[in-house]
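Protein chains in written order, with the numbering used here: chain A, 1 to 179; chain B, 180 to 402; chain C, 403 to 601.
Since the hints were derived computationally from the structure, they do not count as laboratory data.
Wrong hints could be hidden among the right ones.
Unchecked claim - Partial list, computed: chain A residues near chain B (C-beta under 8 Å): (1) L12; (2) R61; (3) R74.
What the hints assert, rightly or not - Subject to a maximum C-alpha distance of 30 Å in a straight line, what follows is the list of computed DSSO-like cross-link-like pairs (lysine-lysine): (4) C:K418 <-> A:K159; (5) C:K418 <-> A:K163; (6) C:K418 <-> A:K21.
To be verified - Now the in silico label distances, taken between C-beta atoms and shown as ranges: (7) C:G588 <-> A:E174: 40 to 46 Å; (8) C:G588 <-> A:A18: 41 to 47 Å; (9) A:G154 <-> C:A520: 46 to 52 Å; (10) B:S232 <-> C:W412: 50 to 56 Å; (11) A:A157 <-> C:P537: 48 to 54 Å; (12) B:S232 <-> C:Q534: 28 to 34 Å; (13) B:E379 <-> C:W412: 43 to 49 Å; (14) B:R275 <-> A:A18: 51 to 57 Å; (15) C:A520 <-> A:A70: 35 to 41 Å; (16) A:E171 <-> C:R440: 48 to 54 Å; (17) B:Q374 <-> A:A18: 31 to 37 Å; (18) B:G279 <-> A:G14: 24 to 30 Å.
By construction, the Cβ of each residue, glycine as well, lies at the ideal position given by its N, Cα and C atoms.
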Amino acid sequence: MSEDAADVQRVLSGDVDAYAKLVDRYYDRCARFAIRMLGNRDDAEDALQSTFLRAYRALGRYQERDRFSAWLYRILVNQCRSIAARRSHRERVFVREEALLLNAPDKRPAWSGEDEEFVQRVLNELDPLLREAFLLKYVEELSYEEMAALTGAGVSALKMRVKRACDRLRERWERIRDD
Amino acid sequence: MMVVSSRTSRFIAYAAMLSAVALQPLALFAQDPDPLSRLDPNTRFTVEVIIDSARVAGVPTRPLTLKALEGSAKHADNRHIIAAVRSVFHAELDVRVALGSALDESEWTSAVSALQSGVPLEVLSKFRGDHAGKPLTRALVVMTDLIQRGVPMSEASSAIMQLWQRGAEDGDFYGLWKNVEQDILSGQNPGSALQQRIREYPGRLTPGSKIPPASQEPDNSSS
Amino acid sequence: MTEQDAYVAWMAREAKRPVAVDPMAVERVMARVRLEPRPRRRGAGWGWLVEPRALPLSPALGAALAAGLVGIGAFIGHMQNDRGGQNPTGRSPTVAPQPPLASHDTIIKFVLVAPHAATVSVVGDFNDWDAQATPMKRTPTGGTWSVAIPLRPGRHVYAFVVNGANGGTQWVADPTAPLAPEDGLGAPNSVVLVGGSAS
Numbered sequence: 001m002s003e004d005a006a007d008v009q010r011v012l013s014g015d016v017d018a019y020a021k022l023v024d025r026y027y028d029r030c031a032r033f034a035i036r037m038l039g040n041r042d043d044a045e046d047a048l049q050s051t052f053l054r055a056y057r058a059l060g061r062y063q064e065r066d067r068f069s070a071w072l073y074r075i076l077v078n079q080c081r082s083i084a085a086r087r088s089h090r091e092r093v094f095v096r097e098e099a100l101l102l103n104a105p106d107k108r109p110a111w112s113g114e115d116e117e118f119v120q121r122v123l124n125e126l127d128p129l130l131r132e133a134f135l136l137k138y139v140e141e142l143s144y145e146e147m148a149a150l151t152g153a154g155v156s157a158l159k160m161r162v163k164r165a166c167d168r169l170r171e172r173w174e175r176i177r178d179d
Numbered sequence: 180m181m182v183v184s185s186r187t188s189r190f191i192a193y194a195a196m197l198s199a200v201a202l203q204p205l206a207l208f209a210q211d212p213d214p215l216s217r218l219d220p221n222t223r224f225t226v227e228v229i230i231d232s233a234r235v236a237g238v239p240t241r242p243l244t245l246k247a248l249e250g251s252a253k254h255a256d257n258r259h260i261i262a263a264v265r266s267v268f269h270a271e272l273d274v275r276v277a278l279g280s281a282l283d284e285s286e287w288t289s290a291v292s293a294l295q296s297g298v299p300l301e302v303l304s305k306f307r308g309d310h311a312g313k314p315l316t317r318a319l320v321v322m323t324d325l326i327q328r329g330v331p332m333s334e335a336s337s338a339i340m341q342l343w344q345r346g347a348e349d350g351d352f353y354g355l356w357k358n359v360e361q362d363i364l365s366g367q368n369p370g371s372a373l374q375q376r377i378r379e380y381p382g383r384l385t386p387g388s389k390i391p392p393a394s395q396e397p398d399n400s401s402s
Numbered sequence: 403m404t405e406q407d408a409y410v411a412w413m414a415r416e417a418k419r420p421v422a423v424d425p426m427a428v429e430r431v432m433a434r435v436r437l438e439p440r441p442r443r444r445g446a447g448w449g450w451l452v453e454p455r456a457l458p459l460s461p462a463l464g465a466a467l468a469a470g471l472v473g474i475g476a477f478i479g480h481m482q483n484d485r486g487g488q489n490p491t492g493r494s495p496t497v498a499p500q501p502p503l504a505s506h507d508t509i510i511k512f513v514l515v516a517p518h519a520a521t522v523s524v525v526g527d528f529n530d531w532d533a534q535a536t537p538m539k540r541t542p543t544g545g546t547w548s549v550a551i552p553l554r555p556g557r558h559v560y561a562f563v564v565n566g567a568n569g570g571t572q573w574v575a576d577p578t579a580p581l582a583p584e585d586g587l588g589a590p591n592s593v594v595l596v597g598g599s600a601s
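Bound conformation, chain A alone (with noise of 0.2 Å):
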């Protein structure tokens, strides 16, 4: 039984600080996806909250012949696609309100370091779904195979996705070398 399924059953047991391991052991792998994924920080938090309460409240249905660490992927992947979904409407009706009636400054997220800032600008400027599978494919370095068991998408769309994502990223280059 691997060190993930151990804790998981002692959890089952009744063991709840057993589940502190698996957070810690997973925590900041997720928290890199999820802020590469959501470009800032506070959605990235909710986005971990909830996948480690989901993945807590559903730990019954976890069957040992699956990887933890994928099972736990796959209801991360989720949680930041739908906390894209509801950002992107609440980034709308901002907008909306804000051409009507406010004029308060732009918020923009906080970050350190140059390069991060940067290379998040960047990843931000990809479609979701291309930028979704840039990660999983590169930053994560998972299989095309478990990329798809992962995201619902099939191989040959998500190999397509993440070749579009490159190509942007190499047009984006041409642009800047040009400059």
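Start from chain A and add chains B and C according to the hints.
Showing chains B and C alone in chain A's frame:
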């Protein structure tokens, strides 16, 4: 008409006890004659201006009052309360364009929610027309929820529209919602969960047909 | 490798750098997790029936289930909708439709599992969003809170307000109910449909 399920007959003895308990809350909702007094005066002024505009425009005002009260209960700042109320008002104007104004209050509010969850006006307007007897509120509530849970808008709206046009009933929408919700909770991708569940429908849904119940749901023993 | 490919590779490498994580973040997760009912292995027999849990209930067929399994509800007369609520973070609710009291109203029982809460109330458009109007009662046996209220037919929006023993307050949507869209007021709501409306 009195309906007593055989399953519940064993528990009928509880009913008297429950009625006694349940009578208490009836007194709870004595309406506050001036609920907007909970807002600060400036916010109240702006909210009342919006409510007035709604009255003039002929769209429901109660949802606007409720939105303001909700904001106040949640201690939202004044700017957000006004923005939220205004957003409901604008959405109501859009709903009227999409669906007309022969709607009951639940249809108004569920249509507003659908727009607020990102459903475009042209999609909502497909629900226009003769919907007598069709569960518009339930369809819109389920569609909105699916989008909130991460199902892509276009997939959620086309699935719900399809069911609605085929004459699905309240129970069908509920069954679909429950199944998809359970799938998402167990880690499935929301879009694929809906796609899989919608396939469980018969090719042509006739009135009275049901989608397969959620795994933990028993057979329908009452209706 | 072309310049462009090098750019893509650089981007991937930079994105792969670990992010700084707030050391309290894991604690925050665990604080919420501890409010949850213990997860149970799926298919563990009938043990779960005696505990509050999510009962998938449809408007028409839910009542018998709630009554039969949970044993707190019976229904007579016009069948209506029902709905359960729950803990900030937990699957829980038991839902029990009950006898309608007026010709149009239906009694809806809201149930929430929040063992560590000091007080819980249900708040929504039916009580003008008054957080004091509808307190829930703790069951004698522990962390389940419930209240039964008459609702008119139609769509109602609601949420739970959970006050912790430490004085903190949390607004919680009902994870077993359909969600209303988030609209900038800071906490999501749930939707209950009570049967008998025009739609």
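Comparing the hints with the structure gives:
Interface hint status for A:L12: violated, as the beta-carbon distance to the closest one in chain B is roughly 15 Å, over 8 Å. Of the supplied interface hints, the one on A:R61 holds, with its beta-carbon coming within about 5 Å of a beta-carbon of chain B, less than 8 Å. Proximity of A:R74 to chain B holds as hinted, the smallest CB-CB distance being about 4 Å (cut-off 8 Å). Pair hint C:K418 plus A:K159 holds up; C-alpha atoms about 20 Å apart against a cutoff of 30 Å.
Our distance criterion of 30 Å between C-alpha atoms is met by C:K418 and A:K163, whose separation comes to about 18 Å. With a C-alpha separation of about 23 Å, the suggested pair C:K418 and A:K21 falls inside the 30 Å cut-off, and the hint holds. As the Cβ distance of C:G588 to A:E174 is approximately 43 Å, the hint placing it in 40 to 46 Å holds. C:G588 and A:A18 have their C-beta atoms about 33 Å apart, which leaves the hinted 41 to 47 Å range violated.
For the pair A:G154 and C:A520, the beta carbons lie near 50 Å from each other, so the given range of 46 to 52 Å is met. For the pair B:S232 and C:W412, the supplied restraint of 50 to 56 Å holds, since their beta-carbon distance comes to about 54 Å. Look at A:A157 against C:P537: about 51 Å separates their beta carbons, and that is inside 48 to 54 Å. At roughly 31 Å, the beta-carbon separation of B:S232 and C:Q534 lies within the given 28 to 34 Å, and the hint holds.
For B:E379 and C:W412, the Cβ-Cβ distance of about 47 Å falls inside the hinted range of 43 to 49 Å, so the restraint holds. For the pair B:R275 and A:A18, the supplied restraint of 51 to 57 Å holds, since their beta-carbon distance comes to about 55 Å. Distance hint for C:A520 and A:A70: a CB-CB separation of about 39 Å, consistent with the stated range 35 to 41 Å. A hinted range of 48 to 54 Å for the beta carbons of A:E171 and C:R440 is consistent with their spacing of about 52 Å.
For B:Q374 paired with A:A18, a C-beta distance near 36 Å keeps the hint of 31 to 37 Å intact. A beta carbon spacing of about 57 Å between B:G279 and A:G14 contradicts the range 24 to 30 Å that was offered as a hint.
Comparing the model with each earlier hint shows violations of hints 1, 8 and 18; every other hint is respected.
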